[in-house]
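**Q** Sequences listed follow chains A and B, in order.
Each number in the working numbering corresponds to the 1-based position in the first sequence with 98 added.
Each number in the working numbering corresponds to the 1-based position in the second sequence with 98 added.
No wet-lab data here; the hints were simulated from the structure.
A couple of the hints might just be wrong.
Same chains, same names: a pair is fine if it fits in one copy or spans any two.
As the list claims (entries may be wrong) - Straight-line Cα separation of at most 25 Å, DSS-like style, residue types lysine-lysine; simulated pairs:
hint, residue 1, residue 2
1, K239, K207
2, K278, K207
3, K278, K152
There are 2 protein chains.
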Amino acid sequence: MSRALFAVCLALIAAHSVPLSVPPHEEVARMARFVVNKCDWASMATISTHDPVKGQPFSNAFSISDGPAGNGTGTPYMYLTHMEISVQDLQVNPQASLSVSLAQTSYCKNHGFDPQSPLCAHIILSGSVIEVNGSEASVAKATLFSRHPEMIDWPTDHNWFFAKMNITQVWVLDYFGGVKTVTPEEYYRATP
Amino acid sequence: MSRALFAVCLALIAAHSVPLSVPPHEEVARMARFVVNKCDWASMATISTHDPVKGQPFSNAFSISDGPAGNGTGTPYMYLTHMEISVQDLQVNPQASLSVSLAQTSYCKNHGFDPQSPLCAHIILSGSVIEVNGSEASVAKATLFSRHPEMIDWPTDHNWFFAKMNITQVWVLDYFGGVKTVTPEEYYRATP
Numbered sequence: 099m100s101r102a103l104f105a106v107c108l109a110l111i112a113a114h115s116v117p118l119s120v121p122p123h124e125e126v127a128r129m130a131r132f133v134v135n136k137c138d139w140a141s142m143a144t145i146s147t148h149d150p151v152k153g154q155p156f157s158n159a160f161s162i163s164d165g166p167a168g169n170g171t172g173t174p175y176m177y178l179t180h181m182e183i184s185v186q187d188l189q190v191n192p193q194a195s196l197s198v199s200l201a202q203t204s205y206c207k208n209h210g211f212d213p214q215s216p217l218c219a220h221i222i223l224s225g226s227v228i229e230v231n232g233s234e235a236s237v238a239k240a241t242l243f244s245r246h247p248e249m250i251d252w253p254t255d256h257n258w259f260f261a262k263m264n265i266t267q268v269w270v271l272d273y274f275g276g277v278k279t280v281t282p283e284e285y286y287r288a289t290p
Numbered sequence: 099m100s101r102a103l104f105a106v107c108l109a110l111i112a113a114h115s116v117p118l119s120v121p122p123h124e125e126v127a128r129m130a131r132f133v134v135n136k137c138d139w140a141s142m143a144t145i146s147t148h149d150p151v152k153g154q155p156f157s158n159a160f161s162i163s164d165g166p167a168g169n170g171t172g173t174p175y176m177y178l179t180h181m182e183i184s185v186q187d188l189q190v191n192p193q194a195s196l197s198v199s200l201a202q203t204s205y206c207k208n209h210g211f212d213p214q215s216p217l218c219a220h221i222i223l224s225g226s227v228i229e230v231n232g233s234e235a236s237v238a239k240a241t242l243f244s245r246h247p248e249m250i251d252w253p254t255d256h257n258w259f260f261a262k263m264n265i266t267q268v269w270v271l272d273y274f275g276g277v278k279t280v281t282p283e284e285y286y287r288a289t290p
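Using the sequences plus the hints, can you model the full thing?
**A** Right, here's the structure in full:
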């Protein structure tokens, strides 16, 4: 393919791709719901229980889902196993923090927003990560497996279980002027 | 553009894009260096100093750079301000954890690897985040601003400073069988 044809193709593809439309930055709770729903994975911070970093903060990546794209509930579900180091931390202390950033989508790159820029919106959820059972486990399963179909085939001998973050505080970095906080009530009331 | 031309264009673009070639998974230290160099941002876990989550783990996104793509030093530099909540945590306790994941590149999606799959390699660095000064600040500046040119224009009244993670332990999740650890010596000896 010639360079010219390649360039034309790139331009045509760009023109046909659907740009991500984010909520107005001042609608902070809505922005939080939007980013959580848009993101496929989060970074979870725990207090480590493992030598040589026992008692120190520990960051690790986990897949999340709060529902179908565009129709999330706000509650991030996770599919976990006690064989995992961060999950072992949660067994001792379930307090955790999940950060999700639009940097994991094409939005920030397309707009020329550095991953650390507040315009590349990132959200932090504080709370506890707890196992869910019964009918909520069925909800979690449907919520996760629809967005992460590979999970269906994860090895059964790992004793996977479903969990959610019980959110106590939401932190929003979506514009200049520093972090803004949102209560769980405001967060769940918002329409993403 | 017709659907047919659009499809042809997509196929041509895919054929011309350079796929990410990752190191063999058993070369664990090399994989760690590769992922750190490939990633533009990290999630940093700190122990929060902010109510109502004081003493709890806190996760937040920061841009990093260890050097030009394909030629990194292994040391992740950051551009920080004391106005930032996680940086305020570091002032009280510089112990932190940085996680970086190939999920932030196109690699995992292109290969059908879920973000939580170990095949979507993710690395965790434990250590302390400390300010750098003098000639190392000049190195940090060149290292960061080349990969994050937007930083050049960040507001000067924020009193930005350069920092690095002083790595004490590296954790690698790049294959089945659980997390593997790499010493800083092995990490710095490896060629990414």
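**Q** Of the numbered hints stated earlier in the document, which are not met by this structure?
**A** none
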